[in-house]
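Trainee: With chain W held as given, fit chains A and E onto it using these hints.
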Amino acid sequence: MNSGIDLEMSFTQGVQNLGLSQELAHLLWIPLPMLLVLVSAVIGVLVTVWLERKISAAAQQRIGPEYAGALGILQPMADGLKLLVKEDIIPARADSVLFTVGPILVLVPVILSWLIVPFGQNLLISNVGIGIFLWIALSSIQPIGLLMSGYSSNNKYSLLGGLRAAAQSISYEIPLALAVLAIVMMSNSLSTVDIVEQQNTAGFLSWNIWRQPVGFIIFWICALAECERLPFDLPEAEEELVAGYQTEYAGMKFALFYLAGYINLVLSALLVSVLYLGGWGFPISIDWFSSLIGLSIDNPLVQIIAASIGIVMTILKAYLLVFLAILLRWTTPRVRIDQLLDLGWKFLLPISLVNLLVTASLKLAFPMTFGG
Amino acid sequence: MLGFLEKVADYTKEVVSAAKYLVDGLGVTFDHMRRRPVTVQYPYEKLIPSERYRGRIHYEFDKCIACEVCVRVCPINLPVVDWVMNKETKKKELRNYSIDFGACIFCGNCVEYCPTNCLSMTEEYELAAFDRHSLNYDNVALGRLPTSVTSDPSVRSLRELAYLPEGIIDPHELNANQKRAGKLPSQIINELKAEKSQEEDNNHSSNMVSNKSNPTN
Amino acid sequence: MNIAYSTELICFLILSSVIVSGSLAVVLLENIVYSAFILGGVFMAVAGLYLLLNASFVAAAQILVYVGAVNVLILFAIMLVNNKEKLKPIEGLKTRKLISGGVCGGLLILLLRVSITTKWNLPGPSSIGEEATERIGEHLFTDYLLPFELASILLLMAMIGAIVLARRDVLISIDDINDLKNQKSLSDKKIPLLSEKSLK
Numbered sequence: 044m045n046s047g048i049d050l051e052m053s054f055t056q057g058v059q060n061l062g063l064s065q066e067l068a069h070l071l072w073i074p075l076p077m078l079l080v081l082v083s084a085v086i087g088v089l090v091t092v093w094l095e096r097k098i099s100a101a102a103q104q105r106i107g108p109e110y111a112g113a114l115g116i117l118q119p120m121a122d123g124l125k126l127l128v129k130e131d132i133i134p135a136r137a138d139s140v141l142f143t144v145g146p147i148l149v150l151v152p153v154i155l156s157w158l159i160v161p162f163g164q165n166l167l168i169s170n171v172g173i174g175i176f177l178w179i180a181l182s183s184i185q186p187i188g189l190l191m192s193g194y195s196s197n198n199k200y201s202l203l204g205g206l207r208a209a210a211q212s213i214s215y216e217i218p219l220a221l222a223v224l225a226i227v228m229m230s231n232s233l234s235t236v237d238i239v240e241q242q243n244t245a246g247f248l249s250w251n252i253w254r255q256p257v258g259f260i261i262f263w264i265c266a267l268a269e270c271e272r273l274p275f276d277l278p279e280a281e282e283e284l285v286a287g288y289q290t291e292y293a294g295m296k297f298a299l300f301y302l303a304g305y306i307n308l309v310l311s312a313l314l315v316s317v318l319y320l321g322g323w324g325f326p327i328s329i330d331w332f333s334s335l336i337g338l339s340i341d342n343p344l345v346q347i348i349a350a351s352i353g354i355v356m357t358i359l360k361a362y363l364l365v366f367l368a369i370l371l372r373w374t375t376p377r378v379r380i381d382q383l384l385d386l387g388w389k390f391l392l393p394i395s396l397v398n399l400l401v402t403a404s405l406k407l408a409f410p411m412t413f414g415g
Numbered sequence: 016m017l018g019f020l021e022k023v024a025d026y027t028k029e030v031v032s033a034a035k036y037l038v039d040g041l042g043v044t045f046d047h048m049r050r051r052p053v054t055v056q057y058p059y060e061k062l063i064p065s066e067r068y069r070g071r072i073h074y075e076f077d078k079c080i081a082c083e084v085c086v087r088v089c090p091i092n093l094p095v096v097d098w099v100m101n102k103e104t105k106k107k108e109l110r111n112y113s114i115d116f117g118a119c120i121f122c123g124n125c126v127e128y129c130p131t132n133c134l135s136m137t138e139e140y141e142l143a144a145f146d147r148h149s150l151n152y153d154n155v156a157l158g159r160l161p162t163s164v165t166s167d168p169s170v171r172s173l174r175e176l177a178y179l180p181e182g183i184i185d186p187h188e189l190n191a192n193q194k195r196a197g198k199l200p201s202q203i204i205n206e207l208k209a210e211k212s213q214e215e216d217n218n219h220s221s222n223m224v225s226n227k228s229n230p231t232n
Numbered sequence: 002m003n004i005a006y007s008t009e010l011i012c013f014l015i016l017s018s019v020i021v022s023g024s025l026a027v028v029l030l031e032n033i034v035y036s037a038f039i040l041g042g043v044f045m046a047v048a049g050l051y052l053l054l055n056a057s058f059v060a061a062a063q064i065l066v067y068v069g070a071v072n073v074l075i076l077f078a079i080m081l082v083n084n085k086e087k088l089k090p091i092e093g094l095k096t097r098k099l100i101s102g103g104v105c106g107g108l109l110i111l112l113l114r115v116s117i118t119t120k121w122n123l124p125g126p127s128s129i130g131e132e133a134t135e136r137i138g139e140h141l142f143t144d145y146l147l148p149f150e151l152a153s154i155l156l157l158m159a160m161i162g163a164i165v166l167a168r169r170d171v172l173i174s175i176d177d178i179n180d181l182k183n184q185k186s187l188s189d190k191k192i193p194l195l196s197e198k199s200l201k
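Residue numbers (our numbering), protein chains in the order written: chain W, 44 to 415; chain A, 16 to 232; chain E, 2 to 201.
Each hint should be verified, as a subset may be incorrect.
[Stated by the list, open to error] Taking lysine-lysine pairs in the DSS-like style, the calculated list, with each CA pair at most 27 Å apart, reads:
| # | chain 1 | residue 1 | chain 2 | residue 2 |
| --- | --- | --- | --- | --- |
| 1 | A | Lys61 | A | Lys78 |
| 2 | A | Lys35 | W | Lys389 |
| 3 | W | Lys389 | A | Lys22 |
| 4 | W | Lys389 | A | Lys28 |
| 5 | A | Lys35 | A | Lys78 |
| 6 | A | Lys61 | W | Lys97 |
| 7 | A | Lys78 | A | Lys105 |
It is worth saying that the hints were derived from the structure and are not from the lab.
Next comes chain W alone, as it looks inside the complex:
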């Protein structure tokens, strides 16, 4: 497997040529991918919001946003601007410190998790060894933020919503982690880059979805539950809880919740594509393709094309999953809280344990196909 483009190396070398020390060059490099990922995450959210509104409209035979920009593409921007200039209200009887910290604590872990999302061989912020485990750990911080904002709002709906959100988040994290564990067992690594590389040996046939169909479904259900998407949007069930833990929020603090929800959705879709759909891999192996044309894989042009194909493939797969999530939103009714916990503890947990066991035995039986 080729190493692909290493932007960091070329950047640090370029800066060093200007006469700066290697450390300083590294220090200058660090904020760049962070900024890039932050911006791309926010743009991803804007696109997702627009897609959500347009697809929802199409599914209900409406038109959706139309006048703000071509096809209403600027509508999410307008929404964001509106939230930005709205009055920031803190209820008089609320706990102002916790009320402010809550939304931040919800958003920050989600953005931090983008650390491990790879768009290509070297196109990620940090190839940390614990990779996917970091994401699971970070997403477990979120319930604290939800509980905090639910408690500090001094509102019964908020408190109930916060408690529900935390309960849901905790219950679905376990099958989620077990589904990820089966993948990790097959690829012998927690690193997202290794997981993708192990899937890209034979085009789309080597994707994990063929070897882990049950895990894929478990992961997707749990990811929807973690994002509080519609079949599982109990924490903000309008009919019962007004808006759950965000009832008392307005302006930018509400926008943080909104942003966290959508970043989480995009992140989950990206991680599904990384874990199960071969990440940046093209359905047909690029190596094979370039050798067919007769170009060396080290050719800079081929590398740039391969990198851009990788980014496009990752985003394409992720947005297909986002589309599926939106479709699910308008298809499935909301489950009750007892049904939700039943599904999590009595169905997904045993199934994911069995899945893990089957994967382990298959790995022992066929070490070639299941990563010995």
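Mentor: Positioned in the frame of chain W, the structure of chains A and E alone reads:
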């Protein structure tokens, strides 16, 4: 052991059928995406109200005899009929008439019972006002005729679903001369009349035939 | 002093000050909800210290277990009970506080002495960084297998204990069951987990 396995098999069957229904549902949602929007872009496009639409009530002052039937049939006795008895002519002299559309439920009883047909339903439904008291229409306001949607040049009038040709659900791309599905009431009446007359003819002729065939009777 | 070292030092100072002040706040604050939230912050700062020591797996595990599970459970427990309830004033609170302060101060002095007298800059094994995950797994399933399994049995016992405590109707004699059957209340529909019949 066998019982347990049976349970597992049943459970799996249930799960599979649930998944099947879920996929069916997704298919329905997906199918809706290729249908055209039914949106009517309201201020620019308006639906043509149907013939029996019960909109704001129109009132003709000159026809009114101040009988107060409208007040009696109204569920909340809403119309205000202000008249005085002219002792010389011994006739009621109408001074004012008003209906408060902030309270009217547009049931149409007054229109139905008015002996002189001075009340009628219009197709006007845009009654928004800044002050609820301005919804209290007096006889001058009640006498105004609304602009029809079809004659308003700034509005694109669209036909309602029931008035579209067969198989078409989108009113946007439609020729004005395309007829609605089914028959118009007038057509039905004409047909009924024709049928009736034919029947009468038949009866007549059959009677004649029977008369002819049984001359002894 | 290069950039990497100074960054590490700054991070260490920030994290340790957060830990010390946070722990004090957890103990000393009146509002129990604040204490619980700050406890989460302290756990996260500890995870940061692990990160500084190149033990990223342990750091993530710390966040997952302590912040994501333990602290959330504590918060749950606090929020499910009525926190507006006035607690009874404890008799002789001042002397108790003085005694516990003395004990804590003594402990602190003892630890300070230990930390001063110990030679810290011993040449330990070099950190293995990303391979730590594998190494931890190897150790857990070879030489530390017994403690690992014992810990899991302990957790299982704790879980069963929690269920027993939460369900009052677990250990019911057959007479009690008959009594319940005679009553036509809702509770007679509950099936006890461990009745004497099922134990036989």
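Trainee: Taking the hints in turn, state whether each one holds.
Mentor: The hints, checked one at a time:
Distance check on the hinted pair: Lys61 (chain A) and Lys78 (chain A) sit about 32 Å apart at the alpha-carbon level, beyond 27 Å; violated. For the given pair, Lys35 (chain A) sits about 20 Å from Lys389 (chain W) by alpha-carbon distance, which is consistent with the 27 Å threshold. Distance check on the hinted pair: Lys389 (chain W) and Lys22 (chain A) sit about 15 Å apart at the alpha-carbon level, within 27 Å; holds. In summary, the hint linking Lys389 (chain W) to Lys28 (chain A) is supported, as the alpha carbons are separated by about 16 Å, within the 27 Å threshold.
A hinted pair counts as satisfied when its Cα atoms are at most 27 Å apart, and Lys35 (chain A) with Lys78 (chain A) does not qualify at roughly 67 Å. Between Lys61 (chain A) and Lys97 (chain W) the alpha-carbon distance is near 23 Å, which keeps this suggested pair within the 27 Å criterion. For the suggested pair Lys78 (chain A) and Lys105 (chain A), the alpha carbons sit about 18 Å apart, so the restraint of at most 27 Å is met.
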